[in-house]
Amino acid sequence: MRNRVVITGMGVCAPNGVGLKAFDEALAEGQSGIRFSEELEKLNFGCQIGGTPQVNQELTDRYFSQLEQKGLNSTGMIYGVIAATDAWEDAGLPPANDEPLWNTGIIFGTGILGVDKFRESIYRVDEGNVRRLGSTAVIQTMASGISAFLGGRFGCGNQVTTNSSACITGTEAIIMGAERIRNGLADSMLVGSTSEGGPYVWGGFDAMRILPRNYNDSPEQASRPMSAEAAGFVPGSGAGAFLIESLESALSRNAVIYAEIAGGHINNGGQREGGSMTAPNSNAVQRCIRMALEDAGVNGSQISAINGHLTATAKDSTEISNWKQALELEGGDFPLINSFKGSIGHCLAAAGSIESVGTVLQLHHGRIYKNVNAEPLHPEIKELIDTTKVPVETRYVQPEIIAKASFGFGDVNACVIFKKYNP
Amino acid sequence: MDQQHLDRLKKIIAVYLPEDVDQGAITLTSDLTSELNINSSHLVDIILDVEDAFDITLENDDMDNMKTVEDALRIIKKKRAESTE
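For the protein sequence lines, the chains are C and A, in the order given. Sequential numbering of the first sequence, starting at 1, is according to this note's numbering. Sequential numbering of the second sequence, starting at 1001, is according to this note's numbering.
Please note that a few of the clues may not be correct.
Estimated spans, in silico, between C-beta atoms of each pair [as the list claims (entries may be wrong)]:
# : chain 1 : residue 1 : chain 2 : residue 2 : range
1 : A       : R1080     : C       : A207      : 29 to 35 Å
2 : C       : G157      : A       : D1007     : 37 to 43 Å
3 : C       : S65       : A       : E1051     : 21 to 27 Å
FYI, nobody ran anything at the bench for these hints, they're computed from the structure. Just so you know, even glycine gets a beta-carbon here, dropped at the ideal spot from N, CA and C.
All chains, please: the whole structure from these sequences, using the hints.
Below, the structure is given as structure tokens:
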């Protein structure tokens, strides 16, 4: 007998909105968080646009004490702490007093943390001035700096760790946290992920020439998932967070339940059968989706909607084909499908968590957010599914079950099934 | 002069006090870690702030000897005197 796992708190720090309300409104209206960056222009980037959450000093002051802000130079920490603190408070869990919360843990992922802090440190070290690093260099640049900070803030006494698996990081954190609760190893888990942005994180992708270069004058049009005009993914950044707990724990404290995590699956294509460091093994993708459905005890026809990985590259149609085969559905029976990357870009390690927050907001509020910049739809996608399955206006419907998947470098795949909570 | 140094030092230290320790608790004889409960990892930050505020450079020995507010003032005074010689 495994524990049912439900979501009772969420937080988000996205390029087009910080906080659940702002994010919901932005997605419903298709407001873009993609902006031109003078810094990227100055540094001769081909792609001079990106998605960065708008965090000012006033907002920072709400989440960090003056002492915590001393030497703070890690946007990943800032985004992650904002999203995670919101999720914790949204769930209404009291932080620990003296004794740690032995049954509450954290899995909060990132790709790389404290890039600007690390750069600052490297300059000091190279100048022979290592003694001037201070006490904050390590805690802001270790990957687990984010989970360590959150662990201390809330007093979590269960497993406190940081996972890292490219663009599935956030989705993986949710699935791993849910597994821990399901197996009775924890009552509640703070899960999510954070990703920094800016030239040092995005530069490698620009060098690979996989970012759009012709939209520097029209950033809001640049990210075009599923479109015939898709020209590469627009880099983003931010954080998403969930407080998840056993159904028993949620009911015992009369918590508001956003949704149930019905199941999920994580696998790897082994960089075989057409898969590589950067391209997916379609067999593995389909297997991941099928196993997630099986884990959740649902079949393809029960899925109300899909929130895809759909980054706005030539692989979008391959992804749709994989969904279609995994769900075993014809084009006309295919569920509604959307990608939030049209308005927030690809938030890398934070993509899975930010997009999962949006996915659960759809279940909670009863809506399927519009696809931004999906038109004209890619001809290969038109052949696979009915055009109406790719909504370009927000639909106010009541989805019951939404499948969310993330895929990433290293041939990693993750699929999670969110379900409206029914006692 | 000493009072000015003390005031400046108090301001630096105050940032690192735990939430449950009041600024008024900072006296000449206060031990930074055992009495003011400053996290020992923050001592290196206090040293850096002192260096910046008083335009001095502290050596490892100075750091080891800086247990109380009074110690810090004495070391600052000595370093400032050396640097103006």
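Comparing the hints with the structure gives:
no.	hint	verdict
1	A:R1080 x C:A207: 29 to 35 Å	50 Å, violated
2	C:G157 x A:D1007: 37 to 43 Å	41 Å, holds
3	C:S65 x A:E1051: 21 to 27 Å	23 Å, holds
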